[in-house]
Structures are given as structure tokens and as C-alpha cells.
Amino acid sequence: MKFLHKQLQKVAPLFEKGGKLEKLYPLFEAGESFLFTPATPTTCGAHVRDGADLKRVMMMVVYALVPATLMAFWNTGVQELMAAGAARADVGILDAVIQGAWSFLPVYAVTLAVGGAFETLFALVRKHEINEGFLVTSLLFPLVMPPSIPLWQVALGISFGIVIGKEVFGGTGMNILNPALTGRLFLFIAYPGQMSGDNVWVGGMENWADGYSGATPLANFYLDGNAATAGLSWWDSFIGVIPGSMGETSTLACLIGAFILIVSKVGSWQIMLATLLGMFGMTELLNFLSPSDAHYMALPWHWHLVVGGFAFGTVFMATDPVSAAQTGRGKWIYGALIGILTVLVRVLNPAYPEGMMLAIIFMNVFAPTIDHYVVKANIKRREKRLGIQ
Amino acid sequence: MSAIRIKRGLDIPIAGGLTETAIENGPTATRIAVLAQEAVGIKPKMLVRSGDQVQIGTPLFYDKRDPEVLFTSPACGKVAEVNRGERRRLLSVSVDCQADSSQVELEIPGESDSQQLWRSKLAKTGWWPALRQRPFDSVARLGDEPQALLVTAMDTRPLAPSPLTVLAGRESAFQTGIKALKNLVDCPVWLCHKAGEDWSALTADDIQVQTFSGPHPAGNAGVHIHSLSPVGGDRKAWHVGYQEVADLGDFLATGKLATQKVIALVGPAAHNPRLLRVAKGADLAQITKDESNAEETRMISGCVLSGLHSEGSSPQAYLGARSNQVTLLDSQTHKKFVDWPNPLAGTHTVSNAVFSKFFRRKFAMNVDSNGSPRAIVPIGAWEPLMPMDILPTQLIKALASNDLMGSEKLGVLEVVEEDLALCEYADHSKTEISTLVRNMLTRIEKEG
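In order, the protein sequence lines correspond to chains P and Y. Under our numbering, residues 4 to 392 are what the first sequence spells out, in order. Under our numbering, residues 667 to 1114 are what the second sequence spells out, in order.
Because the hints were derived from the structure by calculation, they are not lab data. Since we're looking at a predicted model, the values are computed, not measured. There may be inaccurate statements among the hints.
Only part of the chain P face toward chain Y is listed, based on derived beta-carbon distances under 7 Å [said to hold, decoys possible]: (1) E35; (2) S36; (3) F39; (4) A42; (5) T43; (6) V60; (7) S162; (8) V266; (9) L389.
All C-beta atoms, glycine included, are put in the ideal place defined by N, C-alpha and C.
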């Protein structure tokens, strides 16, 4: 380690002000702080500082995503093998994981390479440090991709997400939309053939057995309403052995992730709970208004919870601290509206079977407005105390 | 009156606190200094030159805004250096001490004197700058009339001594002092102390008492003022430290200016934390000689959150007039190999991104900033640390984008560096919040 450190110190002057490679400093900084803690002494303000930096905070989100990622490997493989005609009981864990890895890893690799290149490019041009938020974005994005996605679309999607979703606003911390979701929304609208319908949620279509449909539970609910629950096990959906985007099928994995985010205080429990309550309230209302027991409106809340991207979106996407509401009260309103909108889009909208992504992006746009009113109330209250108003 | 309970805040679990309450005599000072940087907002004009002989109470410089407000020498001796920094800004005036206690002649204000006379007489003694004004935390102006005057008799800063222990033996001086404060202002005078402590022997009838409880910053003047008499608009409040009140009482009773004060010598690097009686403005290197167990030590006049920054033998490495403690930190930091995925890094965090706080009660913190500057990603770490009705995320973002109107509306006038120091401690993007808030306050003061 000492040797490595010495070598780094040797080349450091090249990257510092006046050095030959000064322009590449953000790259050097990223590499150096990856290998060694910066150990910069405080020079102003508080003399001692909290042990967490952005790297550690973002790592907690990555840790929280580990269960969902493992499920992405396993379930993607299970679905492909089952589509090819294997019985569920015959699918071995290892076989499934290897099969799933062939779907997931290329998508992840393309995301890292293309997204990382844009991230670095903007950091170099803007002369700011490479932000660790990309650690999370680059893992979130492949997890919300369908297994059959062409890799060139992955590259296009993450580019759009990073550039339009984040960098045009000034980079991490300034963006109003969640970059991973922006990329997905772009693909969803630009290439509906590869991002929706029945044939995209299970990979290896060329190997499918005759008569296999590949439809997600949401698509079935959309067609057959509440009656579709008959052919489906709630526990399978909860654990995540259903067709869907690679990382978002398992509510169980999302719950473990939520636990890690809440305990580490990195994710906002207020937003998660508010989203859940919003979804619950809206579903109960629709259940009450439902014309018949077989209608989609009669689908109970515990099904909405386990199918589609609701759990994943609630835990990992809605809680993105930058694009979510940032005031205490704002978080509750923002979360609740995401839950309500999701159910509305799912059940009452004739075009899209899934509403989570749209609801989150929509509320991302409205989050600053919600915050604006909460902040205004605070300003007013304080002015009243001072007798200015 | 019942105590005001502060719920949001944090007592940083830093090692090296006091274990005893006995006050020892510290080493005899051979050099002291008056720090001009501490008196925020003044425009100093020198009255002495290096080599001049001064007595206790000899004016060293005065404030051009309020020419009557003098900054006087707390010791007898010869002016050693007049230290100036960038753009000839006065940093400090140091004095080589002599074993002599002669004092210049000073007028003691009496009960029959008018408020104006009280003020101008105290301004001449050099005591006046102990009074600070919010907003801005600058030296109180002679002609101002505040809405409230608060005595901060509570200290929740990390490793701070208990005011009652520090004042042991000076109870009557404190009482005389706090009574006299009534002669300086028309507004109410508040004594703010910790809930559960008995201050009845130290206060007087016409002084209002308010107690506070809870974690730091429950003892900060900013929090007290926010609760009792919020500032902003045209409203101002003054505040003064507890040792300074006792100094005032002593002066009124005996005519002698205080030349010593009690400090707590604490910190993770202090091998024997204890209370010391030392000369005012003492050289930090002299007080802390042989006290540190670290190879390289940072000596802080004040606490680890908002103490003054100074280097080993810099012109500012002296005890500040308002500091009640000197904190020693190990100033060596160590690079660790690929430590960022390690959730057991051995550091304290406000979030639970590092788990070490579940296995340790106290942390021997050093000056490591534990990260490098990044964009602000608000994960809600600041809100539980801000006891005032102020939105920290929004305020800090307004400060970072240099938005004057926004910061003012969000309450920057109610805070100073020490009120946001906890947020700065907890910040994982390592933004220099203290610097931002001071720059904004300076800008507001200038532009009105």
C-alpha cells in the first residue's frame, strides 16, 4: 500500500494546477480517492467532521440494492428457463443465476461504460469532481430494464438519462429528474416495441416453448381485471418469481433494501411510507367504487404492492434525495401523490399497464413546487414572529 | 418559568472531557495577545506601537465606528508585535508580560449614572466588546437599543465546562455584574441557564430567568435569542458570556480589571483534561505545553465545532477573549486504503452510514475531514440538528448559491457560524458552511 501511495504522490503534481495533465484532475481525484481516503485536514469551520462522505452514503444505497440485484440474476434466469419449457422445480439456482447473468451483465457493462464516459466527460469539461451518485444511477438503470433490451438502446437510454436528466441542469445535486428514470422514460416513449407489450419481460424469446405468453401480471390485470389473480400466486409475486424488469420483480428484496436505507438514515422513510399510504388509500377508494368484483378497480392493495415496479420505485426511485421533495411536509405530499397517481395510471388509464415510473417522474417535476409552498409557509411564520407582517 | 426543551441537536461523542471540577492554576504567561479577528465587524485603529510600555487597561486600539469603544491590554508589559494579515487586516496585538499589576486609572460607573454614562465608562475599560449583537454576532454598538440582553450561562458545546463550576467562588461578582447589566439597557435582561441548575444565588430580582434543556446547540446564544427575542428586520438582541458578567461585577466592586479567566483544557489529544486558571489572551503554546499526547497537535481556542483556527505559532494562536475552553486535537491524518466500502471505519456519523457508533461511546476524533468536497445531496441529515424554526437544507443551498434575498428570507440573520456548525459537522458533501454563512452575513451588512 505504501508503494502505491508513493507512486500516486509522484504523479500527483502532473494533475495539480500548472501540471501537464491539469485538465484530467477530476479523473485523478476519482482514482486517488477510490484507492485512499483523502485525509484532508479541516482548514475552516468545524475542526472535526462526521465520518460519512458522499462515497459512503452512496455505498449504503448500493448495499441496499444488493438483494434486488441478486434477484435480478436469479429470477431473470428462472423466467427464461421456464419460458423454454422447464418446470419451476427443475430449475437449479446456479443454472438460473448463470442464465440471468447473460442477460443482466451485458446491460450493466454497457451502462457503466457509456454512462461513466459521459459522467467523466462532463466532470472534465466542468472541472468538478466525478460524483459518486453515478455508482447508484448505473446500478438502478439496468435493474429497471427488461431482459430482452437491445444493448444499443441501453447505451442510448443511459446517455439520455445522464445528459438530459442530470448534466444539462448542472450535474448531481442540481437535477430535477431522477437520471435513471429519465433514461427509462426516454426508451419507453421512443421505443415502445422493446419497452412494453408481452414479449419483452422474459429474455431468450427464440427459445420460448409454444404457447408461452411472457405477459407480466400487470398486463394480465389490465386485460382481465381482478380475475387475473386466480392464476397467480401472491407469494411468488412477493418473492419476485414473475416476469418483469430485471431487478424490480421482488418486493421482498425491496423490503430488505428499504430496511437498509431506513436504518442507515440514507433513504427517507417519510417518502416510502407516504407512497405506500397513498397507494393504499387510492386502492381502497377504487375498491369501494368498483362496479364488480372482477373489475380491475377491485384489485386489492396487497396485489398492487407486489406487482410491477411499485416496491422498487417506492424504495429506490421516489427517495432519490435530489429529485424528491426536500422539506419535511413536502416529502409526505410528494410520496402520497406518487402512490395515488401510480394506482390511477395503472387502473384507470387505458394506455399504460404500469404507472410507477410516470408517477415518479411527474412528481419529480412537481417537487420544487411543493417545496416552494412549504418554504413560503416557513418564511411567513418567521416574519410574523418578527412582526414584519 | 418552565424549561424550553430543545429536541433537535446532537452532543458529539468526542473523547477527552473533564472528569474533575477542581480549578488549577495554569502556567504563568510571559506573552499574551488581544485578538482583533474575534471582534467581528470592528474597524480597528491602532493606539500603540511595538515597543510601547502598557499597563493593565491601556488602550491598544479602538473601533473607528464607535471611537469610544477601546480594546485594552489585559496585562502589564511591552507591546511585542502588531500582527497584520491580508490587506493589512489587524489580526492581533501581542504583549510581553511583566510581573507587575499596575492598572491605568478607570472610572467606575455608579448607580446614579445615566445609561449613556454607564455605557461610555464601560467602553473605556475595554469590557464593552464582551457584548455581542445579533444579527451578525458583531460587537454591540454604543448607540443601539436592543430588544433583549441575554446572559448565556449555559454551554453545551462539545467538551465545554459547566458554567457553575467555572464561576465557583465568583458568585457574588456574577450577581453584581448581572444587576449592573440593567443599567446598560432599557430592555429585559435574561439569564439563560441549564434546566435543573440552581442559579438563585447568582441572579437578581429584576432579571428574567429562562432555562433550556436538550442536546447541543441548546446552550447557544443563537438558540436562546431565537426562542426569546428573534432578530431580523429592525430587531436586535445582545448577548454576553457568563465569565464576562463576573468580570464586570469584579470591576464594579473593586475597580480592578480581570486579568485571568478559567478555561477547560480538553480534547481527545489532551492527556489530562482539567480546569485551569490562565491569563486572558494567553499564548496557547504556553498553556498547552506538555499537555498533548499527539505528535502534532492542533490547539483550538474554543470548541471543536466553532473554535478559532490558528496554526502552531501563528499570530492568532492565543486564547480568545470569549473562549471558555481550549481543545487539543491530533492534527495528523492518515490515508486509509480502499476504506469507502467499509461500514466499520471507526468514525462517528450522524447518519448510520458507518456502524462504529453502535460499538463505541466516545470517539478520539482528529482533524480529518473524512472526505472531499462534492455537490450538496440533501439526504435529510441537517434537519434533526437544527432546533430553530429554520429550514437548514434550503438555507444552506441559498447560501451556496450566494442568493442574498433567499438567505435573508430563510433566516440567515438569526444564525452565525456556530449555529450551523453541527450541520457542517454532519455534512457528507463537506461544504464549507461556516465560511458561506459568514460571507453572506458580511455581504448583507455591507449592502444593507
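Unsatisfied constraints (hint numbers, rising): Those not satisfied are hints 1 and 7.
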